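Colleague: Next come the chains, spelled out residue by residue.
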Amino acid sequence: GAVVSQHPSRVICKSGTSVKIECRSLDFQATTMFWYRQFPKQSLMLMATSNEGSKATYEQGVEKDKFLINHASLTLSTLTVTSAHPEDSSFYICSAMDSLGTDTQYFGPGTRLTVL
Amino acid sequence: AQSVTQPDIHITVSEGASLELRCNYSYGATPYLFWYVQSPGQGLQLLLKYFSGDTLVQGIKGFEAEFKRSQSSFNLRKPSVHWSDAAEYFCAVSFTGNQFYFGTGTSLTVIP
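Going line by line, the protein sequences match chains A and B.
Just so we're aligned, residue 1 is where the first sequence starts under the numbering used here, counting upward by one.
Just so we're aligned, residue 1 is where the second sequence starts under the numbering used here, counting upward by one.
No lab work stands behind these hints, which were simulated from the structure alone.
Here the structure is a predicted model, which means the values were calculated and not measured.
Note that beta-carbon positions come from the ideal geometry of N, C-alpha and C, so glycine has one too.
Please note that a few of the clues may not be correct.
30 Å max Cα-Cα, derived BS3-like pairs, lysine-lysine [as the list claims (entries may be wrong)]:
| id | chain 1 | residue 1 | chain 2 | residue 2 |
| --- | --- | --- | --- | --- |
| 1 | B | K49 | B | K61 |
| 2 | A | K41 | A | K14 |
| 3 | B | K49 | A | K41 |
| 4 | A | K55 | B | K68 |
| 5 | A | K14 | A | K66 |
| 6 | A | K64 | A | K20 |
| 7 | A | K41 | B | K68 |
| 8 | A | K55 | A | K66 |
| 9 | A | K14 | A | K64 |
Coverage of chain B stretches by chain A, computed from C-beta distances (three or more under 8 Å per stretch; other residues unrestricted) [as the list claims (entries may be wrong)]:
| id | segment |
| --- | --- |
| 10 | 45–57 |
| 11 | 61–69 |
Reference excerpt, derived from the structure (chain B facing chain A, CB under 7 Å, subset only) [unchecked claim]:
| id | residue |
| --- | --- |
| 12 | Y25 |
| 13 | G105 |
| 14 | T106 |
| 15 | T109 |
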């Protein structure tokens with residue numbers, strides 16, 4: 001149980017284009033999902049907290065107009081990187097917290113974004 | 001400010017040897033404590049967690065961790081390491097059940 005998927009697992013795009021990453025909780029309902037960014041050999045950096053049906057809460061320094069987050073259902077959150085630039089290249093990981101109050105985050109396998 | 005420290009950036013052990021990965025946190029109250037493992041290019045997998053109760057917690061893959069309140073520590077242990085345990089290990093704490101704070105990670109190399 002508690003499986004989280006991400007799609008795509010790897011994406012390469014041209015500078016200036018937008019990329020959408022999906023995060024799904026497959027066998028549980030997630031009222032809260034999180035988006036992280038991870039640079040090589042570093043820890044995870046929380047970008048935003050996404051609650052179903054409401055606006056995401058962004059961490060300081062994260063541009064909400066650049067990283068659009070939508071959490072339209074209890075099993076799906078999307079992160080759209082708008083007008084991507086090479087510096088946006090990174091490993092993006094989502095996590096989901098179930099609605100049963102276990103206070104545990106379950107992580108997706110990550111999405112490797114490369115912006116040319 | 002809350003913080004999580006993993007003092008060891010990189011550890012190398014021989015296969016079959018015992019392992020201990022250190023994790024310390026700074027905060028007044030007892031947080032929720034987690035250990036995750038990340039294989040290259042993969043997401044994080046939950047190994048174990050501590051919320052309350054018995055301070056020795058058993059996890060998956062033969063791992064265990066012990067919460068020591070007096071030392072603000074939550075060290076991860078395994079009595080006999082396997083080559084497949086080579087990965088990055090992250091300690092995380094949560095004080096609200098929502099926001100997680102991650103350590104910088106410890107990279108484990110296993111020598112045959």
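Colleague: Would you mind marking each hint as holding or not holding in the structure?
Modeller: Against the structure, the hints come out as follows:
1. B:K49 - B:K61: Satisfied, since the Cα-Cα distance of roughly 14 Å is no more than 30 Å.
2. A:K41 - A:K14: holds (25 Å)
3. B:K49 - A:K41: Holds, at about 24 Å.
4. A:K55 - B:K68: violated (38 Å)
5. A:K14 - A:K66: holds (16 Å)
6. A:K64 - A:K20: Holds, because 14 Å separates the two Cα atoms, which is no more than 30 Å.
7. A:K41 - B:K68: holds (28 Å)
8. A:K55 - A:K66: holds (15 Å)
9. A:K14 - A:K64: holds (21 Å)
10. 45–57: Contact hint for the segment 45–57 of chain B vs chain A: holds, 4 residues under 8 Å.
11. 61–69: It is violated, with 0 qualifying residues against the three required.
12. Y25: Hint on B:Y25: violated, closest Cβ of chain A at ~14 Å, above 7 Å.
13. G105: Constraint on B:G105 satisfied, holds at 5 Å.
14. T106: Violated: closest Cβ of chain A sits about 11 Å from B:T106, beyond 7 Å.
15. T109: Hint violated; B:T109 Cβ to chain A Cβ min 14 Å, cut 7 Å.
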